[in-house]
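Student: Going letter by letter, the first sequence gives residues 6 to 472 in the numbering used here.
Everything labelled a hint here was simulated from the structure, so no lab data went into it. Don't take each hint at face value.
What the hints assert, rightly or not - Below, in silico cross-link-like pairs of lysine-lysine (DSBU-like), each with a Cα-Cα straight-line distance of 35 Å or less: (1) K229 <-> K206; (2) K198 <-> K237; (3) K319 <-> K179; (4) K360 <-> K379; (5) K198 <-> K229; (6) K416 <-> K387; (7) K416 <-> K360; (8) K37 <-> K416; (9) K319 <-> K379; (10) K387 <-> K319; (11) K379 <-> K162; (12) K78 <-> K162; (13) K416 <-> K388; (14) K224 <-> K195; (15) K379 <-> K37; (16) K224 <-> K37; (17) K420 <-> K379; (18) K360 <-> K319; (19) K379 <-> K446; (20) K78 <-> K394; (21) K446 <-> K415; (22) K198 <-> K179; (23) K179 <-> K237; (24) K224 <-> K237; (25) K195 <-> K37; (26) K388 <-> K415; (27) K379 <-> K415.
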Amino acid sequence: MSNLITPRTLRGFRDFLPEVMIPRERLIETAKQVYRSYGFVPIDTPALEYSEILCGKGSEETDRQMFRFDHGKHDVAMRFDLTVPLARFVAQNANELGMPFKRYHIAPVWRGERPQAGRYREFIQCDFDTIGTRSIASDIETGLVIYDLMRAIGFEKFSIRVNNRKVLNGLLEKSGLAESSVPVLRALDKLPKIGREAVAKEMQESTSATESQVDEILKLAEVKGSNEEILKQLEPLCVGNELAEEGLSQLRAVVEAANTVGITDANLQVDVSIARGLDYYTGTIYETFLDDLPTIGSVCSGGRYDNLAQLYTKQELPGIGASLGLDRLLAAMQTLEMLPATRTTADVMIVQFSKDHLQSYLTMASQLRAAGIKTEVFPDAKKLNQQFKYADRRGFDAVLIAGDDELAAKKVQVKWLSDGSQTELSTEGGSLELINFLGNKLFESQDDNSLGQRVWDGVKWVWKKLW
RNA sequence: GUGGCUGUAGCUCAAUUGGUUAGAGUACUGGAUUGUGAUUCCAGGGGUUGGGGGUUCAAGUCCCCUCAGCCACCCCA
Numbered sequence: 006m007s008n009l010i011t012p013r014t015l016r017g018f019r020d021f022l023p024e025v026m027i028p029r030e031r032l033i034e035t036a037k038q039v040y041r042s043y044g045f046v047p048i049d050t051p052a053l054e055y056s057e058i059l060c061g062k063g064s065e066e067t068d069r070q071m072f073r074f075d076h077g078k079h080d081v082a083m084r085f086d087l088t089v090p091l092a093r094f095v096a097q098n099a100n101e102l103g104m105p106f107k108r109y110h111i112a113p114v115w116r117g118e119r120p121q122a123g124r125y126r127e128f129i130q131c132d133f134d135t136i137g138t139r140s141i142a143s144d145i146e147t148g149l150v151i152y153d154l155m156r157a158i159g160f161e162k163f164s165i166r167v168n169n170r171k172v173l174n175g176l177l178e179k180s181g182l183a184e185s186s187v188p189v190l191r192a193l194d195k196l197p198k199i200g201r202e203a204v205a206k207e208m209q210e211s212t213s214a215t216e217s218q219v220d221e222i223l224k225l226a227e228v229k230g231s232n233e234e235i236l237k238q239l240e241p242l243c244v245g246n247e248l249a250e251e252g253l254s255q256l257r258a259v260v261e262a263a264n265t266v267g268i269t270d271a272n273l274q275v276d277v278s279i280a281r282g283l284d285y286y287t288g289t290i291y292e293t294f295l296d297d298l299p300t301i302g303s304v305c306s307g308g309r310y311d312n313l314a315q316l317y318t319k320q321e322l323p324g325i326g327a328s329l330g331l332d333r334l335l336a337a338m339q340t341l342e343m344l345p346a347t348r349t350t351a352d353v354m355i356v357q358f359s360k361d362h363l364q365s366y367l368t369m370a371s372q373l374r375a376a377g378i379k380t381e382v383f384p385d386a387k388k389l390n391q392q393f394k395y396a397d398r399r400g401f402d403a404v405l406i407a408g409d410d411e412l413a414a415k416k417v418q419v420k421w422l423s424d425g426s427q428t429e430l431s432t433e434g435g436s437l438e439l440i441n442f443l444g445n446k447l448f449e450s451q452d453d454n455s456l457g458q459r460v461w462d463g464v465k466w467v468w469k470k471l472w
C-alpha cells in the first residue's frame, strides 16, 4: 500500500468544493439571465483548436501563455480566451448566423501565467459580444449590460471606466506618435498605479518620443472632474484631429445615454487613462473596478474592434463585447464576505423519524418539489439531534418533522432554523397548507423589487410569478 | 518567463532555537441526550512536519533540489 499516488493539482488549477461551487453556479446563472434579458444567445466552441487558429495573431506574449502540444500529426492548443474562437466561429458560420449577431459564451480558458491571488491558469470567462454592426447603440448597450450584471450580482459600489481608443489614437496622431501607440498606451495605462513621472520615463525609454511629445500625451493625466467636466476639458485637446473628435463625440454619446437610463457618475466614469486590453480595440473601451477592492483589478472589461475575423475571412465584421472575470469576482466576493455560507442547494430538510415512515416522507417531499420547494429527505433514521445538526451546518432554511403522532393526524411540524420557531401544519389535500406556508416564508424576500434580488433568485421569482 | 517571501492535522497556530513518542484550539465522527440545531462534558479518527536528497550521535528546526501558495515585474479576467 506504500505506492499510493499523492493526490494533487497542477499549479494554478483548482478543485471546487460545494460551498464555493454553489455561489459560482449562482453567479453564472445570474450572468446568463442578464445576457438573455438583452437578447444575447448562447454558443459553445471546442476547448482545443488548431494552433494556427489560436496563434494567428502571433503576439509573443500570448504564445508564451498558451498551452500547446502535438497530438499525432496535429499541432493543437487550448484556447486562452473566447474572443479568438469567436472570430473563427463567426467566420465559419457567418451565413447561418446572420448579422447583427449577439452571443454569450461562458466557458473555461487556459493561460500558462504565473498564478497570484485571483489569477489562475484555468478560469472561466463570461463573454458577451455584438458582431456585425458599428452602431453606437451597441457601445451603449454593452455598458448597460455591464451595469446590470454588477447590480444583479449584488454590487452597488463599483466603477465602470469608459474611454475611447479613437481619442487616444487621435491624440497620438496629433503629437506624431502614431507609430509607437502600443508602448505609449501600455505605459499610459499604468498612470494610476505608478504615477506621472514613472509613466513619462517609461514612455521615453520604450519609444523615441521626445519630452514635449510625452508632455502632450500626459496632459490627459491632468484631466479630472465629473464626466461633464472631463468631456469639456478634452474638447480643446482633440480639436483639429478628425479621429480624436469622432472618439470624443462617441464617448459623449455613451455617457449621455447611460445618464438617461439612470446610471450616475458614481458608477460610470470617463477615464482617459484606461487603454488596456489587446491591441485590437479601436473604439469604446470599458473596465470595471470594485470600489471596496480596487487591487483585485478589473472584473469586467471589453471594447469595440473594427474587424474581428480578418484572419479567417474577407468579410469585414466589426463588433463590441466584454468579459466578466468570474473567478476574480468570486475571489473578491469572498474577501468582501459577500458569500453566504450555504452548503446545500435545498430549502428544507425532512427528518427521517423512523424508516417505517419513509413512504410518507418521500410523498411529502415530491409534493413540495412539485411546488418548487427544493427538498431533501435525510437518508438515515438517525437520532434527531444529529439530523438537526446536519440541517443546521448545511444551512437549510427549515426542518420538517413528522413522527407517529403527526402522521396519524396528517400534520407536520415545521421548524425554522434561523429563529427556532415551530409551526404545526396540515398535510391534507396534497399538503397545500404546508406548501403555502413554506412558499410565503421562503419567497417573501422577493417583494424586494431590486434587479439584483430578482435575478439572483431568478428561479424562486419565476416560481412566485407562476403561483 | 524573471526576482523575492512562505510551507507543521481539513482550518488557525505551538513545539524551551539541533535533543526522547510533534501538541492545542477549531472542524469532523460517536457518546452523555431513543422527539429538536447554540452551549457544556467525555471519547475517537485524522501528521512519513508539502515531496526528495544531504550535514549530524540526533533535523519540524541547518544546506541543496523539487512542488505548491503568495508578492513584485510581465501580462491580464
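Student: Now, for every hint given, state plainly whether the structure supports it.
Tutor: Structure-based check of all given hints:
| no. | hint | verdict |
| --- | --- | --- |
| 1 | K229 <-> K206 | holds (22 Å) |
| 2 | K198 <-> K237 | holds (25 Å) |
| 3 | K319 <-> K179 | holds (31 Å) |
| 4 | K360 <-> K379 | holds (21 Å) |
| 5 | K198 <-> K229 | holds (16 Å) |
| 6 | K416 <-> K387 | holds (21 Å) |
| 7 | K416 <-> K360 | holds (18 Å) |
| 8 | K37 <-> K416 | violated (40 Å) |
| 9 | K319 <-> K379 | violated (52 Å) |
| 10 | K387 <-> K319 | violated (69 Å) |
| 11 | K379 <-> K162 | holds (33 Å) |
| 12 | K78 <-> K162 | violated (52 Å) |
| 13 | K416 <-> K388 | holds (21 Å) |
| 14 | K224 <-> K195 | holds (15 Å) |
| 15 | K379 <-> K37 | holds (22 Å) |
| 16 | K224 <-> K37 | violated (41 Å) |
| 17 | K420 <-> K379 | holds (16 Å) |
| 18 | K360 <-> K319 | violated (69 Å) |
| 19 | K379 <-> K446 | holds (14 Å) |
| 20 | K78 <-> K394 | violated (57 Å) |
| 21 | K446 <-> K415 | holds (21 Å) |
| 22 | K198 <-> K179 | holds (26 Å) |
| 23 | K179 <-> K237 | holds (19 Å) |
| 24 | K224 <-> K237 | holds (14 Å) |
| 25 | K195 <-> K37 | holds (33 Å) |
| 26 | K388 <-> K415 | holds (23 Å) |
| 27 | K379 <-> K415 | holds (21 Å) |
Hint check: violations occur at hints 8, 9, 10, 12, 16, 18 and 20; the rest are consistent with the structure.
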